[in-house]
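With these hints in hand, go ahead and build the complete structure from the sequences.
Residue numbers (our numbering), protein chains in the order written: chain A, 19 to 394; chain B, 19 to 394.
Read the hints as simulated data drawn from the structure, not as lab findings.
Certain hints may be false.
Identical copies go unnamed one by one, so any copy, or any two together, can satisfy a pair.
[Unchecked claim] In silico EDC-like cross-links for lysine to aspartate or glutamate, where the CA-CA straight-line distance does not exceed 20 Å:
1) Lys96 with Glu325
2) Lys383 with Glu372
3) Lys383 with Glu317
4) Lys345 with Glu90
5) Lys89 with Glu244
6) Lys25 with Glu377
7) Lys96 with Glu317
8) Lys123 with Glu90
9) Lys68 with Glu368
10) Lys25 with Asp217
11) Lys345 with Glu372
2 protein chains.
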Amino acid sequence: MYRIIKKDGLAKRGELQTVHGTVQTPLFMNVGTAAAIKGAVATTDLLKIKTQIELSNTYHLHVRPGDKLIKELGGLHKFMVWDKPILTDSGGFQVFSLAGLRKIKEEGVYFNSHVDGRKIFMGPEESMQIQSNLASTIAMAFDECPSAVADRGYVQNSVDRTFRWLGRCKDEMQRLNGLEDTINKHQMLFGINQGAIYDDIRVDHAKRISELDLDGYALGGLAVGESHEEMYHILDVTVPHLPVDKPTYLMGVGTPANILEAVDRGVDFFDCVYPSRNGRHGHVYTNYGKLNLFNQKYEKDMRPIEEGCQCPACRTYSRAYIRHLLKAKEMLGMRLCVLHNLYFYNTMMEEIREAIEQERYRTYKEEKLYRMSQGK
Amino acid sequence: MYRIIKKDGLAKRGELQTVHGTVQTPLFMNVGTAAAIKGAVATTDLLKIKTQIELSNTYHLHVRPGDKLIKELGGLHKFMVWDKPILTDSGGFQVFSLAGLRKIKEEGVYFNSHVDGRKIFMGPEESMQIQSNLASTIAMAFDECPSAVADRGYVQNSVDRTFRWLGRCKDEMQRLNGLEDTINKHQMLFGINQGAIYDDIRVDHAKRISELDLDGYALGGLAVGESHEEMYHILDVTVPHLPVDKPTYLMGVGTPANILEAVDRGVDFFDCVYPSRNGRHGHVYTNYGKLNLFNQKYEKDMRPIEEGCQCPACRTYSRAYIRHLLKAKEMLGMRLCVLHNLYFYNTMMEEIREAIEQERYRTYKEEKLYRMSQGK
Numbered sequence: 019m020y021r022i023i024k025k026d027g028l029a030k031r032g033e034l035q036t037v038h039g040t041v042q043t044p045l046f047m048n049v050g051t052a053a054a055i056k057g058a059v060a061t062t063d064l065l066k067i068k069t070q071i072e073l074s075n076t077y078h079l080h081v082r083p084g085d086k087l088i089k090e091l092g093g094l095h096k097f098m099v100w101d102k103p104i105l106t107d108s109g110g111f112q113v114f115s116l117a118g119l120r121k122i123k124e125e126g127v128y129f130n131s132h133v134d135g136r137k138i139f140m141g142p143e144e145s146m147q148i149q150s151n152l153a154s155t156i157a158m159a160f161d162e163c164p165s166a167v168a169d170r171g172y173v174q175n176s177v178d179r180t181f182r183w184l185g186r187c188k189d190e191m192q193r194l195n196g197l198e199d200t201i202n203k204h205q206m207l208f209g210i211n212q213g214a215i216y217d218d219i220r221v222d223h224a225k226r227i228s229e230l231d232l233d234g235y236a237l238g239g240l241a242v243g244e245s246h247e248e249m250y251h252i253l254d255v256t257v258p259h260l261p262v263d264k265p266t267y268l269m270g271v272g273t274p275a276n277i278l279e280a281v282d283r284g285v286d287f288f289d290c291v292y293p294s295r296n297g298r299h300g301h302v303y304t305n306y307g308k309l310n311l312f313n314q315k316y317e318k319d320m321r322p323i324e325e326g327c328q329c330p331a332c333r334t335y336s337r338a339y340i341r342h343l344l345k346a347k348e349m350l351g352m353r354l355c356v357l358h359n360l361y362f363y364n365t366m367m368e369e370i371r372e373a374i375e376q377e378r379y380r381t382y383k384e385e386k387l388y389r390m391s392q393g394k
Numbered sequence: 019m020y021r022i023i024k025k026d027g028l029a030k031r032g033e034l035q036t037v038h039g040t041v042q043t044p045l046f047m048n049v050g051t052a053a054a055i056k057g058a059v060a061t062t063d064l065l066k067i068k069t070q071i072e073l074s075n076t077y078h079l080h081v082r083p084g085d086k087l088i089k090e091l092g093g094l095h096k097f098m099v100w101d102k103p104i105l106t107d108s109g110g111f112q113v114f115s116l117a118g119l120r121k122i123k124e125e126g127v128y129f130n131s132h133v134d135g136r137k138i139f140m141g142p143e144e145s146m147q148i149q150s151n152l153a154s155t156i157a158m159a160f161d162e163c164p165s166a167v168a169d170r171g172y173v174q175n176s177v178d179r180t181f182r183w184l185g186r187c188k189d190e191m192q193r194l195n196g197l198e199d200t201i202n203k204h205q206m207l208f209g210i211n212q213g214a215i216y217d218d219i220r221v222d223h224a225k226r227i228s229e230l231d232l233d234g235y236a237l238g239g240l241a242v243g244e245s246h247e248e249m250y251h252i253l254d255v256t257v258p259h260l261p262v263d264k265p266t267y268l269m270g271v272g273t274p275a276n277i278l279e280a281v282d283r284g285v286d287f288f289d290c291v292y293p294s295r296n297g298r299h300g301h302v303y304t305n306y307g308k309l310n311l312f313n314q315k316y317e318k319d320m321r322p323i324e325e326g327c328q329c330p331a332c333r334t335y336s337r338a339y340i341r342h343l344l345k346a347k348e349m350l351g352m353r354l355c356v357l358h359n360l361y362f363y364n365t366m367m368e369e370i371r372e373a374i375e376q377e378r379y380r381t382y383k384e385e386k387l388y389r390m391s392q393g394k
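Shown next as structure tokens:
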């Protein structure tokens, strides 16, 4: 289902066939937490900004509107009207970052909903069941994401448990995919490598999960407080121990520079809230660095956010107009910035794919990083 | 510039030629207060929802981003990227409803900005200058809008002053349209009839302003607290004293029923924040009455807001999905509801025009009102 079309150093130019169509990697998944991309962006808009995969959050959809409701309505694709691939995370990260009082046990995690405080239990089986109800294209294994600064003993125990959970995830998905009333019987499972910033724990865990022949492998627990250099180091050390012939996904990362560096280290799947979150705050990406559209100097600037950009914002509207909208707290300002930022990321991924195909990735990366750091 | 294509009873089917294109009446102007329709709706969206005229607010644009800035950038059409007609109100209504401490004098009104509290003076000349800077297609005369429950003496004095202000508006616009650096030298001026709910003051004022040969005539100070019956009565009494061969504009009105009744009394221009404001609160219009999408009963309703509706929301999304978005406070929910509601209003105006052309307006109106009152 996954094949490498070209390699350039460690950079992979791949293709993943799914039941919801084929995607080209490296790619950036556009985050629509609660079945919508924040900033008033609809799935009909995604077709215009080169989105290949939409990513939704299991935890959020479980608490509202409920995965059983979504299953009853035909699954997430039908609910949000999107026929291309959807990846759902496992809920684990949100359980550890958003939920109230939580208790981690061998069977799973007990916690309180951040919406209404009610008690919820989620373990590997529950996460798989919820994701099966959502009927996403790719499900993520249920893991614990220990803090980057957790001590070694804690991380080792956590990773061991996450490994046991992975086996249970795999078994449960196999069972679910075989049930008559499962909406997507071809749901894929990606495992997640953990180990904080301990090289040997990361490598050992990578080797162990690689033996399970999953549909893809992710690196979790990065970009959660460690430095960029530490993150790149973990990639250098760990990625070679994950199967090259499967998608390699760096979760929750990151800046354009992070992505450019990670591709160079063999990663080809990404997701991050930066482009949408920054967009909602008027911070927009260009090939000459990030602009803060609240800045006074854009008050009379009738240029688009970036000259030549073909996104729905730049094709029509000026920096001056968008700045006014942002200052007047008009939602349209946020929408235009989010559309631009996602288009920028998705277009960068397109450039990355082309550069790898033409075996000039390193040059491309360096030029791009240089240009973005220079400003204009 | 304005001609009547057909009359059916008092209902007028007209056409207004402007420097920004020709519009068909009766029509509903879509309100974009601060140069954007609230709910993340862009001018590019307006092309898909049958908008003929966009309406922006002089007061809001004067305080932010400033009419001089907009003039410097080429005018409001260029700023918001909209090449069809724009109507700007005079600022009067906002001065009286939004601004802090205000003092009304013969020369104009002294008040404080609602944004930063700074002292502003606006009189007829200033309002015309601001609207000329914005370069809207149609400017409204600067008036005072007395409370519907103000006493007779106050209203009579106010209306007399508003009449004197109208003369000054006309003179000032003539001067401005003749200046070399005026962006829209063909800006039109609509006068505004006032008089609260005093028949004789309304009629007397209507007769006096009719003599000034303006480009159109509006009825102001209605839908501000009086009953629907009182408003219809004022229309019955006043409209016959306004020129039939000029646009007749009922400001800030209203519900679909209000519009249907007012058309029957000779009105052919409308504007109102209801469709966008209600949309942002999940209240959506259908031919079978208004729905509150927060209602539990839409939780699993996979039908569009209205079956057969061709708006950008109904063509793709379900009530269940939009309800989820609204409950999850996703901006997209508001955007979809606002697009639907404006499309509903603009489509109703299309039906109204067709019914008048076919001389079956009264039948159409009664059927429409009956159907909307029945629910489904």
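Which of the listed hints are broken here? Checked against the structure, the hints that fail are numbers 3, 5, 8, 10 and 11, while the rest are satisfied.
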